[in-house]
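> What follows is the residue order along each chain.
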Amino acid sequence: MKRFDCLKILASLVDEHMLAVTSLSTNTPFWFNVRPQGPNFFALNMGLCLPFALGLSVAFPKRKIIAIDSDGSLMNDSSSLITVADVNPPNLAAFVMDNGSYAHMGSTFTTRKTDLAKMAQGAGIANASTVKTLEEFSSAAKQAMENVGPTLIVAKVERDAGRVSADRSRTSGRPMREWFMDALRRHPDYKAGR
Amino acid sequence: MKRFDCLKLLAPMVDQHMLTVTSLSSNTAFWSDLRREGANFFGCNMGLCIPFALGLTAAFPKRKVIALDSDGSLMNDTSSLITVADVNPPNLVAIVMDNGSYARMGSTFTTRKTDLEKIAQGAGIANTATVRSEEALSAAAQQALETSGPHFIVAKVEPDTVRVKGDPHRTYGRFMREVFMDAVRHHPDYQQARK
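In order, the protein sequences belong to chains A and B. Counting in the numbering used here, the first sequence runs from 1 upward without gaps. Counting in the numbering used here, the second sequence runs from 1 upward without gaps.
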């Protein structure tokens with residue numbers, strides 16, 4: 001299963017008012033390719049993708065928040081799963097693209113033994129599963145969009161050969177944040193701080 | 001089940017050459033009372049107890065290293081369990097005293113849903129157990145000390161109502177570290193670093 005195919009399927013399920021958050025590396029350029037518009041926060045540092053999405057899920061309780069995380073990133077702060085389980089946001093859908101390696105560093109293993117879905121279940125997230133084919137991914141993703149309660153889907157993907165890049169002015173740094181904040185301010189649910 | 005009773009039961013199982021590491025709070029105060037000799041590192045900050053013990057297992061491969069952690073501390077860095085599973089040290093025994101709360105702060109919940117044993121299994125640690133009685137803890141600890149690990153045991157204990165203080169010189173700061181380093185230097189397995 002290829003990461004890009006998964007994200008293409010996911011993009012077709014995401015409407016214009018849902019908020020998306022991506023981890024560093026391949027998730028960012030791919031997601032920018034399939035969903036350039038709408039509120040996207042790109043390239044959160046390792047471990048911060050899920051916590052950031054958790055915050056958004058509280059700020060926008062009526063919209064689905066899509067966290068597009070990866071295994072190396074989630075393993076940097078697997079404790080955030082405990083916080084997700086405890087806060088129990090009804091509108092958070094987390095997708096972990098698990099290629100089993102820090103692929104950007106030339107395929108070093110992240111771990112050889114860990115089952116992230118089981119860790120999430122242990123943390124207390126009831127809807128946590130692992131998918132290995134595109135059909136499974138597609139049906140799990142559809143389910144996640146309808147579920148009430150946090151959902152975590154670990155998608156076992158191949159390592160991507162070749163490095164993909166995207167428009168850096170849209171996916172990193174201050175311009176990306178300005179773009180994101182602008183999308184938030186125009187969001188129908190947005191209320192300005194008092 | 002009370003934490004002090006658990007630790008009292010563990011103390012005689014630990015021989016003089018094993019190394020122990022404790023998390024902050026009650027574990028430190030109780031354990032410093034129960035094990036006055038040997039290599040003990042007390043009061044590792046939150047999340048650091050198991051990683052510190054993991055380092056010691058590499059330095060002392062022939063001895064059991066016992067991490068006396070607690071739930072609040074471990075939840076600060078559950079990712080360390082992934083590293084433990086990956087390094088797979090045969091001589092690590094991690095015992096987590098789980099009272100379900102940050103008791104020192106006036107019993108705020110740590111979490112209402114988490115199963116730390118399942119997180120450890122998910123991380124890839126094969127030998128895990130959750131114990132709710134002293135007999136079960138005794139049996140699990142005995143097995144963990146006699147067989148090849150890593151072992152991970154969650155002991156469900158009551159929150160302690162009384163605040164116990166260990167001797168601050170022996171459990172905190174530079175003096176504690178000096179005592180620990182002294183014990184390590186006198187350890188029969190200790191080898192001076194090559195220069």
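Honestly, the hints are just simulated from the structure, not real lab data. Even for Gly, the Cβ is constructed at its ideal location relative to N, Cα and C. Just to be clear, a hint being listed does not mean it is correct.
Stated by the list, open to error - Straight-line Cα separation of at most 30 Å, DSSO-like style, residue types lysine-lysine; simulated pairs:
| no. | chain 1 | residue 1 | chain 2 | residue 2 |
| --- | --- | --- | --- | --- |
| 1 | A | K156 | A | K191 |
| 2 | A | K62 | B | K8 |
| 3 | A | K191 | A | K2 |
| 4 | A | K113 | B | K165 |
| 5 | B | K156 | A | K142 |
| 6 | A | K132 | B | K113 |
| 7 | B | K8 | B | K165 |
| 8 | A | K132 | B | K8 |
| 9 | B | K118 | A | K142 |
| 10 | B | K2 | A | K62 |
| 11 | B | K62 | A | K142 |
| 12 | B | K118 | A | K118 |
| 13 | B | K156 | B | K8 |
| 14 | A | K113 | B | K8 |
Stated by the list, open to error - Chain A regions said to be covered by chain B (calculated; three or more residues, Cβ under 8 Å):
| no. | region |
| --- | --- |
| 15 | 1 to 9 |
| 16 | 116 to 127 |
> Broken hints, numbered, in rising order?
Structure breaks hints 1, 2, 3, 4, 5, 8, 10, 11, 14 and 15.
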